[in-house]
Amino acid sequence: MTIDVSKLLDGQLESDEVRPALDQVASQAMLRDRYTVYALVGDVLRGNSTPDDGFSVRIFERMRSEQARIEPGYDPLED
Amino acid sequence: MENGDPDGELVGLARAGDVRAFEALVVKYQRRIARHVARYVRRASDVEDVVQEAFIRAYRGLASFRGDSAFYSWLYRIATNVAINMLKREDVPILLGDDAPEERAEPFRPGVSDNEDPERRMMASQTADAVQRALDRLQPELAEPLMLFEVEGKSYQEIATMLNVPIGTVRTRIFRAREFIAKRLEPVLGPQRARRW
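Sequence lines, in order, name chains R and U. Oh and the first sequence: position 30 is 30 in this note's numbering, straight run, nothing missing. Oh and the second sequence: position 52 is 52 in this note's numbering, straight run, nothing missing.
Any given hint might turn out to be false.
If you want the footprint, here are the derived chain U segments under chain R, 3+ residues with CB under 8 Å [claimed, not checked]:
id, region
1, 7-15
2, 24-33
3, 122-131
4, 148-156
Calculated directly from the structure, the hints in this document are not laboratory data. Every residue, glycine too, gets a C-beta built ideally from N, C-alpha and C.
Put together the whole structure using the sequences plus the hints.
Written out as structure tokens, the structure reads:
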């Protein structure tokens, strides 16, 4: 299954494989961990050695606290 | 997928209401966007604020994303606007006008506050060192496709052509390379799962 996580990260899954892969990732902490570490490895290889300090989790928390939702008609490039 | 936006499927699911798909995009691009923002904004706390705001605006505006450009290019432009708006609000001179998504060749230097935070700097340094050590021990046939993809920005199809192997072999080798490195990163990163996603 971790190979699917690698393919998910790179957009290499077929259309009908993406949702099942997300279901698996959402339900298994080990797979979420692998997805984030694979992404981290890519960033480090590109010279972007920022620490693994929960940055994404704080983004999710802020999205929840602000109750962010998709807003039809809102264009962020015009904001 | 090879000829289109590699994030097209995740963006489509996110637009249809699957928050997990958007979270996957956040995890994928958080550092690349932070790196870009840090060219405009120096304080680490400001970088984080701008990155958070950029992702929130992107999520709110997903319905307006038409796919004319890649999702990352769109996100990059949003982050640029947020960073510039912050500088304008604080009346700080804007020194960079780079609005192209290509990353610069020079090495990334963390923001001023990162340099002032030894713990963050040490964490980043240990992670980078562990990746490099793992890479040094990785079989060349696995390291090569990973580096071509992550560093050179080649597509899977291009890598398959360059290495004269089927694209499925490229997928497998990149996966095996990541696993090799990930396992050797575990002692450095520690059990921080709840802090990642």
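Each hint, compared with the structure:
With a cut-off of 8 Å between beta carbons, the region 7-15 of chain U has 6 residues touching chain R; three or more are needed, and the interface restraint holds. Using a Cβ-Cβ cut-off of 8 Å, 7 residues of the region 24-33 of chain U lie near chain R, which meets the minimum of three, so the contact claim holds. Counting residues of the region 122-131 of chain U whose CB lies closer than 8 Å to any CB of chain R gives 6, so the stated coverage by that chain holds, three being the minimum. Beta-carbon proximity to chain R at under 8 Å applies to 4 residues in the region 148-156 of chain U; the threshold of 3 is reached and the given coverage holds.
Going down the numbered hints, you'll see the structure goes against none, and every one checks out.
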